[in-house]
Amino acid sequence: MSAQEKKHSSERLQRVIELCKSVEDKGVDPFAVDVDHIIATLKKCFSDWESPEELALDAEAVQYLASVIQNQGDWVKHRSTSLYTDPFLIEEKLQRLDKEGLVTLFTKVWNPIIELEQLSIPSIAEAMKYWNDLPPIDERWQRLDPTAVMTGATTREELIRQKILAEKTFFEELEAFWQTLKQKVGKNEKILYWDFVGADTYSETLDNAYMTSFLVTYGYATLKLDPLEEEIFIIPLKEPRSGLSDKQMVSVPISVSHEDWIRWKEENQT
Amino acid sequence: MKRKAYYALKIKRAAQLLFYKRHMKPGVKGWELKNALGSDYPKILKVLDDHLEKLDLQVKTVFEGEEPKEKPTVEELNKARFFVTLRGGLPSKDSKMMGWRIDDIAGLATAISYVISKKGKAPREQVGDLLRSKLPGWRVDMNLNRYIRAGYLAEDENNMLYLDWRTRAEVDQKALVDLLLGTES
Numbered sequence: 678m679s680a681q682e683k684k685h686s687s688e689r690l691q692r693v694i695e696l697c698k699s700v701e702d703k704g705v706d707p708f709a710v711d712v713d714h715i716i717a718t719l720k721k722c723f724s725d726w727e728s729p730e731e732l733a734l735d736a737e738a739v740q741y742l743a744s745v746i747q748n749q750g751d752w753v754k755h756r757s758t759s760l761y762t763d764p765f766l767i768e769e770k771l772q773r774l775d776k777e778g779l780v781t782l783f784t785k786v787w788n789p790i791i792e793l794e795q796l797s798i799p800s801i802a803e804a805m806k807y808w809n810d811l812p813p814i815d816e817r818w819q820r821l822d823p824t825a826v827m828t829g830a831t832t833r834e835e836l837i838r839q840k841i842l843a844e845k846t847f848f849e850e851l852e853a854f855w856q857t858l859k860q861k862v863g864k865n866e867k868i869l870y871w872d873f874v875g876a877d878t879y880s881e882t883l884d885n886a887y888m889t890s891f892l893v894t895y896g897y898a899t900l901k902l903d904p905l906e907e908e909i910f911i912i913p914l915k916e917p918r919s920g921l922s923d924k925q926m927v928s929v930p931i932s933v934s935h936e937d938w939i940r941w942k943e944e945n946q947t
Numbered sequence: 005m006k007r008k009a010y011y012a013l014k015i016k017r018a019a020q021l022l023f024y025k026r027h028m029k030p031g032v033k034g035w036e037l038k039n040a041l042g043s044d045y046p047k048i049l050k051v052l053d054d055h056l057e058k059l060d061l062q063v064k065t066v067f068e069g070e071e072p073k074e075k076p077t078v079e080e081l082n083k084a085r086f087f088v089t090l091r092g093g094l095p096s097k098d099s100k101m102m103g104w105r106i107d108d109i110a111g112l113a114t115a116i117s118y119v120i121s122k123k124g125k126a127p128r129e130q131v132g133d134l135l136r137s138k139l140p141g142w143r144v145d146m147n148l149n150r151y152i153r154a155g156y157l158a159e160d161e162n163n164m165l166y167l168d169w170r171t172r173a174e175v176d177q178k179a180l181v182d183l184l185l186g187t188e189s
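Residue numbers (our numbering), protein chains in the order written: chain A, 678 to 947; chain B, 5 to 189.
Treat the hints with care, since some could be wrong.
To be verified - Have a look at the derived ranges for each label pair, beta carbon to beta carbon:
| # | chain 1 | residue 1 | chain 2 | residue 2 | range |
| --- | --- | --- | --- | --- | --- |
| 1 | B | 149 | A | 712 | 34 to 42 Å |
| 2 | A | 692 | B | 149 | 32 to 40 Å |
| 3 | B | 77 | A | 896 | 31 to 39 Å |
FYI, nobody ran anything at the bench for these hints, they're computed from the structure.
Glycine included, every Cβ here is placed at the ideal spot set by N, Cα and C.
Just need the whole structure built from these sequences, with the hints factored in.
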């Protein structure tokens, strides 16, 4: 197929799409579309399409044609219902009736919704209370002029005291936490998750669980699950693992609820 | 509390909920009625409907999407909207009570009938042309916008008009078409 012929075929497909769109958007009679003829045209052109753009155009045309066929089906279904009447007949009747006739006819089938709006004593009382409590508009819309504040110098210690800056950076804290883990594990290879994160208070336990999750995520430690005993162990690594490993990463949700903590504490005390 | 007193109380509450406007849109959703009246609210509405019949009013249910062909499920009822409407229509001389001019009501009847005849959707331009044959041009767009604001018609981004929730609540579409076809040409 020459480039010129391809261009013609492409234009023909565009026209098919436009025609099908007008059925959907403008309510054109779906039977005005000759589906058989369009299918034959699409079939004829299909073998010559090569580029993805041409194939996409063909697919689009088929999709719009399918919606026309669906419209034809709906049209037939509607004609078979009791609500179907020839639109031209209705239009002709509407044209012939004067407005009084139309209103007489319409009011026979029109049952307007009854709705009321009424104030009640409690709602008036509530509104009065609101009104009395409402500050005057001058006060509500008062423009607040910015107050002049003297600037001054502060120290790092002061910012730490005000909790604007942390004493250590997060990674410094993480490294310290890793050292603690290694100390607790000692000569053993691993430690039970709860034996490591569990602390005297629930809040401390949560802090430990939070930091432990980062130890594992950033490759300072790893988790070992024993599905039979339902136990979780933490294993500190000698060197932090850099980057993501080739192994598939998995998330391990571990519940650290208050009930779990109480249970651990009770078991630990006994 | 005795059974009768219990139901009397629930019916009173149901009437308050249905008559008084609580949201921008009139009516109450099924789940709101369930929260306020309990899970047997369909039964309470049925009793209220029987009471309202004496006053030529009714409890009308408008389902989300198409009306179920069989008995509606609890879920369908919870998602539906309930209204109180007139039961037997309005004498045409009283139509002024609705606060609408005769032109506005005639225009509404025309627009709704035309959209029904066009399978539930029609281009705004075509509806406008039909209205223009009876109404002054400057009123046509104003009226169509009013019908849309009131919830009788809805319009999409392609300027197609559809029947909206208020038409489904207030207008007996089948009877409207039958009456129109029954008129002498």
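Hints versus structure:
{"no.": "1", "hint": "149(B) to 712(A): 34 to 42 Å", "verdict": "holds, 38 Å"}
{"no.": "2", "hint": "692(A) to 149(B): 32 to 40 Å", "verdict": "holds, 35 Å"}
{"no.": "3", "hint": "77(B) to 896(A): 31 to 39 Å", "verdict": "violated, 55 Å"}
Violation of the numbered hints given earlier is confined to hint 3; every other hint is satisfied by the structure.
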